[in-house]
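Student: Residue numbers (the numbering used here), protein chains in the order written: chain A, 9 to 321; chain B, 9 to 321; chain C, 9 to 321; chain D, 9 to 321; chain E, 9 to 321; chain F, 9 to 321.
Hints may contain errors.
Copies of the same chain are indistinguishable here, so a pair counts whether it falls within one copy or spans any two.
Capping the alpha-carbon separation at 20 angstroms, the derived lysine to any residue pairs in SDA-like fashion look like this [stated by the list, open to error]:
(1) Lys121 / Val89
(2) Lys233 / Ile223
(3) Lys233 / Glu186
(4) Lys233 / His279
(5) Lys282 / Arg234
(6) Lys144 / Ser188
(7) Lys18 / Ala113
(8) Lys121 / Val37
(9) Lys121 / Asp35
(10) Lys18 / Tyr169
(11) Lys18 / Tyr199
(12) Lys282 / Arg140
(13) Lys18 / Asp162
(14) Lys121 / Pro10
Simulated from the structure, these hints should not be mistaken for lab results.
One letter stands for each residue in the lines below.
There are 6 protein chains.
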Amino acid sequence: MPTGPADSFKQPRFANSSTFARLPRLDEVGDEASVIVLGVPFDSGTSYRPGARFGPTAIRQGSKLLRPYHPPLDLEPFNIVQVADAGDVSVNPFDIVETLQIVEAAADEHLAKGRRVITLGGDHTIALALLRSVSKQHGPVALVHFDAHLDTWDTYFGAPYTHGTPFRRAFEEGLLAEESCIHVGTHGPLYARSDLEDDRGFGFALISADRFSEIGPRAVGEEIKRRVGTRPVYLSIDIDVLDPGFAPGTGTPEAGGLSSRELLQSIRAMHGVKLVGGDVVEVSPAYDHAEITSIAAAHVAYEMLALMVAPST
Amino acid sequence: MPTGPADSFKQPRFANSSTFARLPRLDEVGDEASVIVLGVPFDSGTSYRPGARFGPTAIRQGSKLLRPYHPPLDLEPFNIVQVADAGDVSVNPFDIVETLQIVEAAADEHLAKGRRVITLGGDHTIALALLRSVSKQHGPVALVHFDAHLDTWDTYFGAPYTHGTPFRRAFEEGLLAEESCIHVGTHGPLYARSDLEDDRGFGFALISADRFSEIGPRAVGEEIKRRVGTRPVYLSIDIDVLDPGFAPGTGTPEAGGLSSRELLQSIRAMHGVKLVGGDVVEVSPAYDHAEITSIAAAHVAYEMLALMVAPST
Amino acid sequence: MPTGPADSFKQPRFANSSTFARLPRLDEVGDEASVIVLGVPFDSGTSYRPGARFGPTAIRQGSKLLRPYHPPLDLEPFNIVQVADAGDVSVNPFDIVETLQIVEAAADEHLAKGRRVITLGGDHTIALALLRSVSKQHGPVALVHFDAHLDTWDTYFGAPYTHGTPFRRAFEEGLLAEESCIHVGTHGPLYARSDLEDDRGFGFALISADRFSEIGPRAVGEEIKRRVGTRPVYLSIDIDVLDPGFAPGTGTPEAGGLSSRELLQSIRAMHGVKLVGGDVVEVSPAYDHAEITSIAAAHVAYEMLALMVAPST
Amino acid sequence: MPTGPADSFKQPRFANSSTFARLPRLDEVGDEASVIVLGVPFDSGTSYRPGARFGPTAIRQGSKLLRPYHPPLDLEPFNIVQVADAGDVSVNPFDIVETLQIVEAAADEHLAKGRRVITLGGDHTIALALLRSVSKQHGPVALVHFDAHLDTWDTYFGAPYTHGTPFRRAFEEGLLAEESCIHVGTHGPLYARSDLEDDRGFGFALISADRFSEIGPRAVGEEIKRRVGTRPVYLSIDIDVLDPGFAPGTGTPEAGGLSSRELLQSIRAMHGVKLVGGDVVEVSPAYDHAEITSIAAAHVAYEMLALMVAPST
Amino acid sequence: MPTGPADSFKQPRFANSSTFARLPRLDEVGDEASVIVLGVPFDSGTSYRPGARFGPTAIRQGSKLLRPYHPPLDLEPFNIVQVADAGDVSVNPFDIVETLQIVEAAADEHLAKGRRVITLGGDHTIALALLRSVSKQHGPVALVHFDAHLDTWDTYFGAPYTHGTPFRRAFEEGLLAEESCIHVGTHGPLYARSDLEDDRGFGFALISADRFSEIGPRAVGEEIKRRVGTRPVYLSIDIDVLDPGFAPGTGTPEAGGLSSRELLQSIRAMHGVKLVGGDVVEVSPAYDHAEITSIAAAHVAYEMLALMVAPST
Amino acid sequence: MPTGPADSFKQPRFANSSTFARLPRLDEVGDEASVIVLGVPFDSGTSYRPGARFGPTAIRQGSKLLRPYHPPLDLEPFNIVQVADAGDVSVNPFDIVETLQIVEAAADEHLAKGRRVITLGGDHTIALALLRSVSKQHGPVALVHFDAHLDTWDTYFGAPYTHGTPFRRAFEEGLLAEESCIHVGTHGPLYARSDLEDDRGFGFALISADRFSEIGPRAVGEEIKRRVGTRPVYLSIDIDVLDPGFAPGTGTPEAGGLSSRELLQSIRAMHGVKLVGGDVVEVSPAYDHAEITSIAAAHVAYEMLALMVAPST
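Kindly produce the complete structure, drawing on both the sequences and the hints.
Tutor: Here it is in structure tokens:
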């Protein structure tokens with residue numbers, strides 16, 4: 009029987025634990041853990057408002073109210089497998105390339121032990137490191153990407169590795185399964201028509217926030233499932249897919265995004281996909297208010313965990 | 009003709025009055041009043057972020073922009089009966105049981121004079137006192153409960169009276185009409201599957217936020233009306249039924265809630281029920297921003313007042 | 009070829025430029041400009057929370073992330089005609105009447121040079137000056153008005169020119185095309201039933217936020233287009249048409265408004281109208297958080313620009 | 009025996025009362041009152057950040073922790089004479105001249121009944137109205153003026169009555185006792201050397217914040233007392249005399265001001281002057297944080313009340 | 009050689025550790041620890057603004073920038089003895105008396121192992137539990153108490169154990185050394201002259217904030233040292249001894265307090281006293297901004313640690 | 009006669025201009041300018057809270073209230089020489105070394121035209137580029153450095169160029185005049201005793217915040233003047249030299265710093281030094297409140313400008 013969160017009827021939620029969802033630390037459960045939550049406090053790939061380096065701490069703080077039973081899926085995710093918090097990776101804020109290597113190595117080590125990893129960012133640059141690691145084990149993956157932006161731009165100021173470019177690099181490095189990837193929730197203007205053309209060339213389908221609002225979260229879930237099929241799926245969620253009203257605490261906010269409920273419902277509607285890894289990124293607490301962004305991100309990570317451990321029907 | 013709010017074409021809204029909706033104080037209209045707004049500045053039953061003791065002051069401040077004409081119902085609620093602000097109950101922040109007695113006694117006194125009471129909380133613990141009072145006069149009531157949570161848990165740290173337990177106590181004390189109560193807007197994880205099972209055992213139906221989003225506010229209103237029938241209704245609204253984006257100023261926020269518009273529309277859609285009392289609780293201003301939570305709560309209380317005084321069709 | 013925004017792959021978005029969307033200043037492009045963005049930092053017509061005098065600066069700051077390509081309409085608005093930022097009008101904060109004259113004169117000057125003007129407010133009082141100017145050139149215009157409020161009240165404290173009265177004055181002055189104007193997104197209580205009756209007398213149709221939520225943004229766009237026909241359209245958007253969750257930074261917030269996405273989608277759905285001028289008003293940054301209101305307003309202005317320059321189909 | 013504040017051992021400070029220091033309302037004590045606190049929620053004379061119209065409400069909220077015993081002067085100010093809260097004057101936000109007349113008339117009425125008035129602003133414009141009233145009864149008064157600024161400028165945009173000009177007008181109207189007035193705590197740059205020359209011409213002495221820091225609050229008090237002698241004194245305190253670190257919630261902040269402790273100590277050090285009226289102005293709550301500015305202002309008003317009622321030694 | 013803080017040249021300060029000053033957890037060093045930092049997340053004894061239950065988490069977050077070398081005392085406190093973070097005590101937010109017992113028992117256990125305890129509050133109620141524990145081992149202690157308030161009131165609403173009464177209870181229980189205790193930094197009004205008289209009766213001397221500002225921190229330190237002599241000293245610091253400008257994040261702020269520098273300097277000036285225990289309380293993060301209060305509190309705790317381990321000269 | 013700031017009696021301060029102190033842009037005055045204000049929006053050298061990339065915009069916004077006459081020095085700095093705002097340098101947020109080159113080149117270009125430069129940061133890394141430039145023209149300079157920290161550390165995570173290391177690099181590169189440099193206002197703990205020893209080895213004297221508070225700003229100014237003598241002086245001011253109560257908006261705050269008034273007075277007290285360049289850095293607006301940090305920084309830059317242009321006596 010896995011060790012679950014601290015009992016909140018005995019230990020107040022505002023006391024003591026600083027792990028995600030008040031779960032045990034990895035060093036407390038060690039080899040038992042088969043899913044871990046990993047922080048990557050890095051934001052040196054940010055092009056506008058920085059601060060996502062404080063994201064992991066904030067999301068953990070925002071996760072203290074999470075409870076162990078998930079009503080829509082009727083399961084207790086922390087009872088199915090051992091989930092643990094593996095703390096933060098010690099990144100180098102002054103070196104993007106080195107940090108990508110550090111993060112990849114950290115993920116490799118966990119995967120080598122048979123663990124799946126849900127990452128708390130950090131800016132979106134780090135997704136590249138995680139895709140490198142996960143694709144080493146699973147081969148090219150079907151990327152499901154919730155974001156206001158495409159993140160398939162080429163370079164900023166000559167820099168190839170930034171939070172706007174991870175998925176172009178991933179495509180170029182062969183980490184993505186062909187014709188299986190999809191962006192969800194994009195909104196806001198782009199640089200040029202060619203952004204969309206390039207993106208299609210990398211094998212992405214796209215459900216914009218506008219189209220999302222027309223078809224609803226269930227249909228979105230169905231469309232994602234058709235797109236990814238039975239391939240291994242990596243789910244990367246940039247919190248700026250939410251409207252700034254729901255997620256002010258982020259670095260490149262765009263008006264017109266999803267509501268928290270829409271996002272959570274569409275993750276649930278993906279039930280049945282083969283989720284091999286995921287991340288929630290771009291939470292920048294200095295711009296948050298009353299933890300609303302980090303609470304939303306904590307719920308997103310919880311949905312991801314439930315999706316990961318839920319028995320397929 | 010009832011005395012209405014201060015005339016905002018003569019007295020600026022930012023001047024002088026500190027009553028709800030700039031209505032007269034109870035001592036100014038006395039026996040004329042048949043509906044009162046009552047503050048209960050109490051938060052010692054809170055399990056996470058406290059501060060709802062400042063809720064009544066904040067909701068009144070947030071109510072200064074309310075105007076006397078209600079377009080959707082085409083009525084002027086303050087012209088139909090005399091509504092007045094009865095100020096705050098002097099609670100004891102260091103004694104929950106005593107406070108429940110103080111609040112019950114205060115409500116009893118108003119009900120004995122033929123007044124109906126809309127309460128501004130304060131945390132949800134106080135709903136128990138109000139149900140005790142209202143059921144003494146009307147018998148067991150049909151509880152319509154908007155909330156992220158069920159609030160039918162048993163105890164926290166051995167404490168029977170907290171903001172997570174009022175409706176289990178109310179059930180045990182026989183204050184609730186059988187098979188007539190309903191939760192609306194629940195979202196977020198629970199402690200265990202048994203939470204839902206217990207809750208059904210207490211006679212509650214449930215419309216989750218997910219289901220709400222599928223059927224819409226009108227159908228929600230219809231379903232509530234079918235559930236409560238012609239029984240006396242007590243309407244208890246925890247502001248955390250709203251998504252944190254709409255109500256950051258609360259103590260136990262859960263991502264994925266209702267929008268303000270959905271909440272207001274579903275209250276309106278209850279038009280025709282026999283409303284004998286109600287409350288708006290869990291506004292914690294220290295976590296609010298630009299009064300958005302207290303403005304939402306003020307509009308909720310206004311809808312409740314309109315519902316209470318509207319002629320049934 | 010028009011001069012576009014500063015290249016954000018060479019000059020960081022957080023550097024240097026303080027113009028709307030990092031466009032050129034008017035003095036840099038001069039006679040080439042056919043559409044300008046004009047700030048009116050004035051809030052002395054405000055009846056509740058002031059501060060919209062800082063609106064133009066805030067909206068420009070919130071516009072720095074705007075990019076040149078507009079996916080839903082598949083166009084690059086700044087490439088079609090020369091758009092420039094004309095800076096702010098030097099208003100007199102101590103004299104409403106004089107300010108209306110100053111603003112009208114400034115607009116006249118631009119219109120005389122064949123420029124169309126998108127104004128960044130400032131409180132809603134200033135719309136009267138802009139309607140005076142635009143109707144001198146185009147004759148009475150079809151006003152499309154997104155707002156929580158009607159803004160057709162008569163006087164406050166005897167003052168005829170305030171942010172609650174511009175469109176009654178505009179009607180009285182014959183600036184509005186008969187039976188062609190429309191309010192969209194109204195919500196919250198009014199002073200009296202006669203507010204609506206008077207308003208209809210001035211020739212306004214009305215789509216409330218409640219009705220908006222039932223029919224959706226496309227149908228709203230269609231209804232607007234039927235209402236305005238081929239007449240010259242002036243589009244005035246009070247940011248408080250949004251729910252306070254999306255736009256806390258405003259002066260007279262009312263719970264139950266539109267989402268940012270709904271607002272942006274309905275502007276887009278007006279594609280094809282003959283837009284001769286417009287404004288975005290009532291952004292009050294002191295009440296904003298993390299720029300969410302000014303970012304929403306910046307996107308609204310961007311949609312308006314796209315609507316103005318888009319080739320009609 | 010005067011009626012004092014509500015008993016905070018029986019009624020929690022966060023409950024019920026919305027008067028200054030939880031004192032009785034004027035209508036509760038009527039003719040007994042010999043000192044009143046009066047709100048003037050007006051900010052249309054503001055040249056930069058507005059919002060002082062919400063000052064009176066904020067200062068009252070910030071005064072809830074004030075207790076009845078004043079240790080440094082060893083007295084209970086509310087036991088010496090009856091002090092009451094007279095509410096707010098109904099100003100006209102759209103007409104400065106009319107508002108000055110309304111405020112003057114309101115003050116006249118109180119003075120005619122033998123009451124002394126402490127005013128909570130509002131912007132500094134209103135001091136002119138209060139000087140007009142108080143000088144009608146006492147003749148020209150010795151003005152003691154704590155402020156970052158001189159407030160003896162001539163006009164802004166042609167407007168003679170603004171928050172930067174009240175004391176030049178007062179001088180011109182003969183309201184000030186010759187060679188008896190003094191500015192305290194000025195800091196920040198000025199428009200021109202002539203500002204200081206003009207000011208001296210109006211009969212003002214000056215203790216800058218720099219000099220204040222050299223001689224300390226006791227010596228400042230002594231210097232003020234020498235300046236005013238036995239003349240009737242009007243004490244006008246602009247909260248921006250404090251450094252922005254102590255008073256962020258104000259409209260024209262200047263770095264380098266006094267600390268709260270220095271300000272309170274220097275008021276106490278004026279003990280013995282004949283105080284006939286006073287004001288605390290320029291609290292703009294939208295820029296405040298955690299009520300620190302309004303708490304400072306509440307303490308300032310409390311010191312002023314103590315100074316006013318303390319028996320002279 | 010004690011285990012010190014995580015090396016911030018290898019692990020970024022914003023990564024991983026959530027202990028005070030990034031020190032090891034107690035379970036990592038166990039029997040080696042001779043000084044521990046202990047959180048008590050409790051605020052049910054609060055009479056005004058609650059929220060200090062989140063104080064320990066906030067102070068730890070605010071302590072991440074602390075470095076190991078203390079220049080004024082020229083020592084490395086974490087190298088002299090093993091210091092560790094013992095996490096939080098699991099209090100009962102619904103029972104003050106039980107919580108006092110829990111906290112006392114927790115402290116007893118540490119003291120029994122020869123550890124000295126620095127407590128992070130939490131509201132001031134908990135100081136009673138800590139004095140009970142420390143006096144069991146050391147006999148009555150000399151209490152050095154920095155606070156805006158006396159905290160020797162009797163009861164609130166009949167409650168004997170609140171944050172305003174711990175030291176009266178301590179006196180009554182014989183926990184305080186006679187004529188050896190002292191309040192430092194009191195400011196703001198009191199309930200009555202008898203507050204001071206009672207307080208002297210309990211054996212307290214007093215250096216008010218006013219007197220502090222006259223004599224300066226060195227003389228304050230000397231006066232404290234004369235007062236406590238060679239007795240065991242317990243140092244209790246309510247963060248509201250600071251002016252609200254330096255510590256907005258607290259529950260009962262009073263204008264006119266100390267600066268952070270004055271507080272830190274006066275603690276240092278106590279060098280040589282025999283410090284057997286201490287606490288920093290009343291940090292309420294919901295009212296804080298940019299962590300300024302929790303950073304100040306973290307520095308205060310660090311000074312206390314340095315004072316505790318510094319070799320006496 | 010130099011062109012001064014926009015006339016604020018004609019153009020409201022909240023309108024139009026976005027330059028420092030509402031001065032002309034460099035392109036408006038060109039060759040006339042002999043002193044310029046230059047923004048460097050860069051924060052990739054930050055080790056803790058980032059965000060100083062938005063510093064230049066924020067300081068300019070905070071400078072809008074600055075007026076042209078400086079009372080303590082009795083001069084109008086913008087009338088003595090032409091001062092202009094040269095906008096921001098286009099840095100590369102993803103490359104520290106390249107950015108140092110870009111900044112150095114930009115400064116070189118201005119210096120080559122005989123201009124002196126006051127830089128608005130940005131994090132402290134950029135001071136190295138400015139010292140490289142200024143020492144090319146003036147030879148090694150006497151560095152006067154106000155800061156909480158020494159900024160003479162060696163590397164972080166192997167990175168030689170960060171905001172904690174610029175002055176060690178400057179020393180190694182021979183940019184600093186021997187035995188002429190001085191730190192002022194240091195406070196907070198250090199990594200090790202060797203930090204101070206190393207620092208002295210680089211030729212720095214030191215006036216800690218503690219010593220500053222004992223001797224006062226005049227004596228500090230005198231001590232600085234003795235230290236620098238007649239050498240060319242570069243004045244680098246990290247805003248974190250202020251206590252967090254005065255400057256919350258910064259990245260590595262340490263409790264116990266200077267007040268704004270102390271800082272401004274000590275700059276003034278340096279009157280007579282030969283100031284050849286300077287910077288104000290580390291303003292991070294996301295952590296600021298009500299612009300208090302950026303207002304303080306704007307006043308600091310204004311004092312620096314006055315110091316630079318004041319005729320030596």
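Student: A separate judgement is required for each hint: does it hold in the structure or not?
Tutor: Hint by hint, here is what the structure shows:
In this assembly of identical chains, the alpha carbons of Lys121 and Val89 lie at most 20 angstroms apart only when taken from the same copy (14 angstroms versus 38 angstroms across copies). Proximity of Lys233 and Ile223 under a CA criterion of 20 angstroms is satisfied intra-copy only: 15 angstroms inside one chain copy versus 24 angstroms between copies. Proximity of Lys233 and Glu186 under a CA criterion of 20 angstroms is satisfied intra-copy only: 15 angstroms inside one chain copy versus 43 angstroms between copies. When the C-alpha separation of Lys233 and His279 is checked against a cutoff of 20 angstroms, the pair qualifies only within one copy, where the shortest distance is 8 angstroms, while the shortest distance between copies is 34 angstroms.
For the homomeric pair Lys282 and Arg234, the shortest alpha-carbon distance inside one copy (12 angstroms) is at most 20 angstroms, but the shortest distance between copies (42 angstroms) is not. Proximity of Lys144 and Ser188 under a CA criterion of 20 angstroms is satisfied intra-copy only: 18 angstroms inside one chain copy versus 57 angstroms between copies. Taking the shortest Cα distances, Lys18 and Ala113 sit within 20 angstroms of each other only across copies (16 angstroms), while inside one copy they are farther apart (38 angstroms). For the identical chains of this complex, Lys121 and Val37 are intra-copy neighbours only, at 13 angstroms inside a copy versus 28 angstroms across copies, given an alpha-carbon limit of 20 angstroms.
In this assembly of identical chains, Lys121 and Asp35 lie within 20 angstroms of each other by CA distance solely inside one copy; the values are 14 angstroms within and 26 angstroms between copies. When the C-alpha separation of Lys18 and Tyr169 is checked against a cutoff of 20 angstroms, the pair qualifies only between copies, where the shortest distance is 16 angstroms, while the shortest distance within a copy is 46 angstroms. Taking the shortest Cα distances, Lys18 and Tyr199 sit within 20 angstroms of each other only across copies (13 angstroms), while inside one copy they are farther apart (53 angstroms). Taking the shortest alpha-carbon separations for Lys282 and Arg140, only the intra-copy value of 18 angstroms comes in at or below 20 angstroms, while the best inter-copy value is 51 angstroms.
Taking the closest pair of Cα atoms, Lys18 and Asp162 come within 20 angstroms of each other only across two copies (13 angstroms); inside a single copy the shortest separation is 52 angstroms, beyond that limit. In this assembly of identical chains, the alpha carbons of Lys121 and Pro10 lie at most 20 angstroms apart only when taken from the same copy (17 angstroms versus 33 angstroms across copies).
The structure is consistent with each of the numbered hints, conforming to all of them.
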